[in-house]
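A.B. asks: Chains as they are written, first to last, in my numbering: chain A, 1 to 726; chain B, 727 to 952; chain C, 953 to 1031; chain D, 1032 to 1110.
Simulated from the structure, these hints should not be mistaken for laboratory data. Watch out, some of these pointers could steer you wrong.
As the list claims (entries may be wrong) - Per the computed footprint, the stretches of chain B lying under chain A, defined by three or more beta-carbons under 8 Å from a beta-carbon of chain A, are:
{"id": "1", "stretch": "777 to 786"}
{"id": "2", "stretch": "853 to 861"}
{"id": "3", "stretch": "930 to 937"}
As the list claims (entries may be wrong) - Quick list of in silico lysine to any residue cross-link-like pairs, SDA-like style, CA-CA up to 20 Å:
{"id": "4", "chain 1": "D", "residue 1": "1109", "chain 2": "C", "residue 2": "1006"}
{"id": "5", "chain 1": "A", "residue 1": "138", "chain 2": "D", "residue 2": "1055"}
{"id": "6", "chain 1": "C", "residue 1": "1030", "chain 2": "D", "residue 2": "1086"}
{"id": "7", "chain 1": "D", "residue 1": "1033", "chain 2": "A", "residue 2": "295"}
{"id": "8", "chain 1": "D", "residue 1": "1080", "chain 2": "C", "residue 2": "955"}
{"id": "9", "chain 1": "C", "residue 1": "963", "chain 2": "A", "residue 2": "135"}
{"id": "10", "chain 1": "C", "residue 1": "954", "chain 2": "D", "residue 2": "1086"}
{"id": "11", "chain 1": "C", "residue 1": "978", "chain 2": "D", "residue 2": "1086"}
{"id": "12", "chain 1": "A", "residue 1": "138", "chain 2": "D", "residue 2": "1061"}
The C-beta atom is built at its ideal place from N, Cα and C for all residues, glycine as well.
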Amino acid sequence: MTITNKIIEKHGLKLKEFENIKKLMKREPNLLELGIFSAMWNEHCSYKSSRIHLKKLPTKGKQVIQGPGENAGVIDIGDNDAIVFKIESHNHPSYIEPYQGAATGVGGILRDVFTMGARPIALLNSIHFGSPSHPKTKSLLNGVVSGIGGYGNCIGIPTVAGETKFNETYNENILVNAMAVGHAKKDKIFYSKAKGINKSVVYVGSKTGRDGIHGASMASAEFDENSEDKKPTVQVGDPFTEKLLLEACLELMKDESIIAIQDMGAAGLTSSSVEMASKGSLGIELNLEKVPCREENMTPYEMMLSESQERMLIILEDGKEEHARKIFNKWDLDFVVIGKTTNTKNLTLKFNNKLVGEIQIDALATKAPLYKRKWVRKKIKKSKLDIKKIRNVNFEEALIKVLSSPNHSNKSWVTNQYDQMVMGDTVQRSGADAAIVRIHNKDKAIAVTVDSSANYCKSQPKIGGKQIVCENWRNLISVGAKPLAITNCLNFGNPENEEVMGEFAECLEGIKEACEFLNYPVVSGNVSFYNGTNKKNIFPTPVIGGVGIINKLSSPINHKFKKDKSLLLLIGKTFGHIEQSCFLKENFSIIDGSPPEINFFNEKNNGEAVLNLITLGLTNSVHDVSNGGLIVALCEMAMSSNYGIKIQKPKKVRNPIEYFFGEDQGRFIVEINEDDLIKVEKVLQKNNIYYELIGITQKKYFEIEGLMKSDINDLFKINSQWYNQY
Amino acid sequence: MNSSVIVFPGSNCDRDIAVALEKMQFKNKMVWHKDTTLPKSDLIVIPGGFSYGDYLRSGAIAGKSLIVSEIIKAANSGCLILGICNGFQILTETGLLKGTLLRNKNLKFINKDVNIKVMNNETKFTSKYNLNQILKINIAHNEGNYFTKKSHLEELKKEGLIAFKYCDEKGAVNDRSNPNGALENIAGIFNAKKNILGMMPHPERMVDEMISNTDGVNLFSSLINK
Amino acid sequence: MKYSITVTLKKDVLDPQGKVVENTLKNMGLNSLKSVRQGKYFEIEVEEKNEEVADKEVTQMCEKLLANLIIEDYKINKL
Amino acid sequence: MKYSITVTLKKDVLDPQGKVVENTLKNMGLNSLKSVRQGKYFEIEVEEKNEEVADKEVTQMCEKLLANLIIEDYKINKL
Ligand SMILES: Nc1ncnc2c1ncn2[C@@H]1O[C@H](COP(=O)(O)OP(=O)(O)O)[C@@H](O)[C@H]1O
Ligand SMILES: [Mg+2]
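Chain A with its partners taken away, still in its complex shape (with noise of 0.2 Å):
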């Protein structure tokens, strides 16, 4: 068969790309090689669009022990113990079918992380909608909740924290990013380099069906008139045969049979055999007549581009097929040896002692694509916005309105639906800055959570990018752990936009400098382009995971009021920064102006300064501020407890829409007894930390002198109704 032009372009591939696949190959690729190169140089597998750009990043620590590269990051927390974490994106597949995409977005992040040899402690997500008025939005998000529900509640691994967003960014191209965090012993992670020739290549798990097949299903399409219905491109998730492969994967990890293991994702057999020869510096033969079949004839090109889930790469040490094979049988699973590792640095491809395809594991993988795209910087538009009008609102209603929007709603119809509980370690669930997970065992914690700021970045991307790892960071401390590492999930429109290739290089300038400035830095990541439909692109949304720890686990601390008659401080300066605020958006439905600045030096010395307090046991709680400004976190702090507040109205201060609104970064409330206010600010005066005490705690009331008194019930029941209602 000989090779059109549109068949390359079925296949995703330029024609540019095609001259220099002949190049590299000496001749022509036939189908499987060609469906093979689309698979490898897709911007999903190869990074082409942005790998210059990510190379910036900070990965190194004394707390990393693997950074971005592996199939997960890993850092060290101690006493032998590593964490194993990444997030990463299934969009498109949950607009298309939103429980399964999502489903399935869960259960490949997780392979991801216990292919490394780490069982996976906690599920982390982060999930953007369209308008709620769109008339697709609200079968999306049950799809999608119900998706990430239904799998990790069955696999039994616990939905700890997430964000869930609406923008009408997302009308036609919702985000959905899932992360997965585990725990291993440090001396025993497993890596996807092959070592060693001629071990068995060992294919365990599912059997391959035709799903998923991409470019494959499209290209096809010329060849056979009825094939294109017969190739479905989402894939059905099954959670309980994850749950066998879990358990199999982690009981041959416990002895010395594996060299190299590598989930089956994105482009299948196909990526997963070149990257762990690709790494090796080896070759890899493989006899796809062995591969397990779910369907009849399946060809070699079926085979090598099926997405099908659930499904793992091993390399074995000699001598260890018997044993690794009891191990998958009694776990009810695939298990077959379909190749070996070869010293001719080719992927070869047999099919029934034919060879089907040979190309060079370089070809496919070091010498893929790289383009330097063409960007350019966000032009910054001045603010049109009339203050006057915006300070004449009335406090409380204004209050109210942000409390009632779907962003700023209680989440609990969200959580309800996913198992925080499961494995009995969950100190903090949802609902707080960050989530805790104890160490099994042991009685030291991890805190984890995601953040994003879409209209932050879209107005001014590189502060946008400081302040998402700031908030992140920030999320953290307040549960009284230190900040790690983060993993970053880049969603982003066409990179061929020059306007969408500027927002992602100054996001990841803002991420560079942040992660560089707090020593946090990037161990795993993803990146998602090309979301957006008719030219019009997505907001920029990079998301957030953080991971950091907690040594002793005496008392966790969180943002619920814990007394009455408590100081409450509020630590970080506030100046009014209303432009890009929720107060704007929910009531004024503006959207414009500059995102709050972030002064890095002040950033890191207040929150370093309320660990410390933390730590000392000198806070009863805490909480960040952060979107909505004080009120909003006030609030939070209010309804989530018993205990209401009385606030002195500031006297200071330009206009207390401004001061209570304003989304100044770098600040946390801190609620403290009144015994331990010398010590406290003893603490703060000693790092020049610039504080206020605002007020105290106080029953049932949500009091600001002189603008509102309201029954923390009522904040409370106009904070929950929106989902019930929806």
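Given chain A's structure and the hints, the job is docking chains B, C and D with the ligands onto it.
C.D. replies: This is chains B, C and D with the ligands only, laid out in the frame that chain A set:
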């Protein structure tokens, strides 16, 4: 006291219950579903989770496994049997407990702390609780909507075979305090001989102050001191 | 008018439920079993008297809600 | 031989799934809808050639596994 926890493919609260049992001084063994003999046990626990993915009907497929005939034998000879969540569903599928667990009324998985009320404290499972004591216990299930025939419901009531009912924090048993639509707010039941308890809430999740509360402790201490 | 509708997964889509049911039945000794596929079943009653209109409505229900045509097929029968 | 099997909830058992589908369809403007009941559907292939034996086997599958006779009825059709 010796306890055994039966592990099916897809069980996922097996470790949690083992931790709780050991904390409460049980000598516990894990039993793989393909095993054909049970270790000597005073208590057999069928844990929560998604045995066989909850495919077909929750509990249906585990209810057909080999070990089940051993469990039935043990039950008939008076061994104590506790089925939690998926374990309760499995017990109804094996016929050891009557009735069945339908989809939650709102068709959603529900995970939250709910209040339940102790309806009978004169059993080996509940003797350490007070009658009508209100407990706060976590639930996590898709199918917890208990249903049974009228005649069986009458028997449950007459013989004191209802173990727990969902209620609110003040003890009121009504539609508003019913999370999943269960018949008469039933959260757990005994068999006629009261040596088998099936319940949807997870007592093993409530034995550690750091994680939640300790309202589940007395269930285990009732058993160990029986 | 009464209809019965069956919604089944497309031929090449993984059917984890069917697979587990199949294995279980085989383990129970029902050896002649070759394969099981699982789907959904609906019984629907509409008040519309005009058959053509009713047929159309039911088709719409299938396309818009009951089946996700990306992974499922549906069949309508009059009862 | 191929069979199709439908398993439906008994009349007096509440069918929350059907109810939700019904309400959703009504909200979508399909007003002539009277009621929806939801059930399960299986397509089963057996290798047994003897029809009587095959029929018996399939009945067994229903009684022993596919239906929970406390709450469900089943119907077998030959395809
Ligand atoms: N999809 C979700 N999955 C799990 N938890 C969620 C989800 N959406 C929101 N949450 C939880 O709800 C709480 C409030 O979320 P959010 O307002 O985004 O918090 P914050 O501003 O502190 O980041 C958090 O504890 C968060 O973990
Ligand atoms: Mg926060």
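A.B. asks: All hints, please: hold or fail.
C.D. replies: To see whether the hints hold, each was checked on the structure:
| no. | hint | verdict |
| --- | --- | --- |
| 1 | 777 to 786 | holds (count 4) |
| 2 | 853 to 861 | violated (count 0) |
| 3 | 930 to 937 | holds (count 5) |
| 4 | D:1109 to C:1006 | violated (27 Å) |
| 5 | A:138 to D:1055 | holds (11 Å) |
| 6 | C:1030 to D:1086 | violated (25 Å) |
| 7 | D:1033 to A:295 | holds (19 Å) |
| 8 | D:1080 to C:955 | violated (32 Å) |
| 9 | C:963 to A:135 | violated (30 Å) |
| 10 | C:954 to D:1086 | violated (28 Å) |
| 11 | C:978 to D:1086 | holds (16 Å) |
| 12 | A:138 to D:1061 | holds (18 Å) |
Consistency note: the structure conflicts with the earlier hints numbered 2, 4, 6, 8, 9 and 10.
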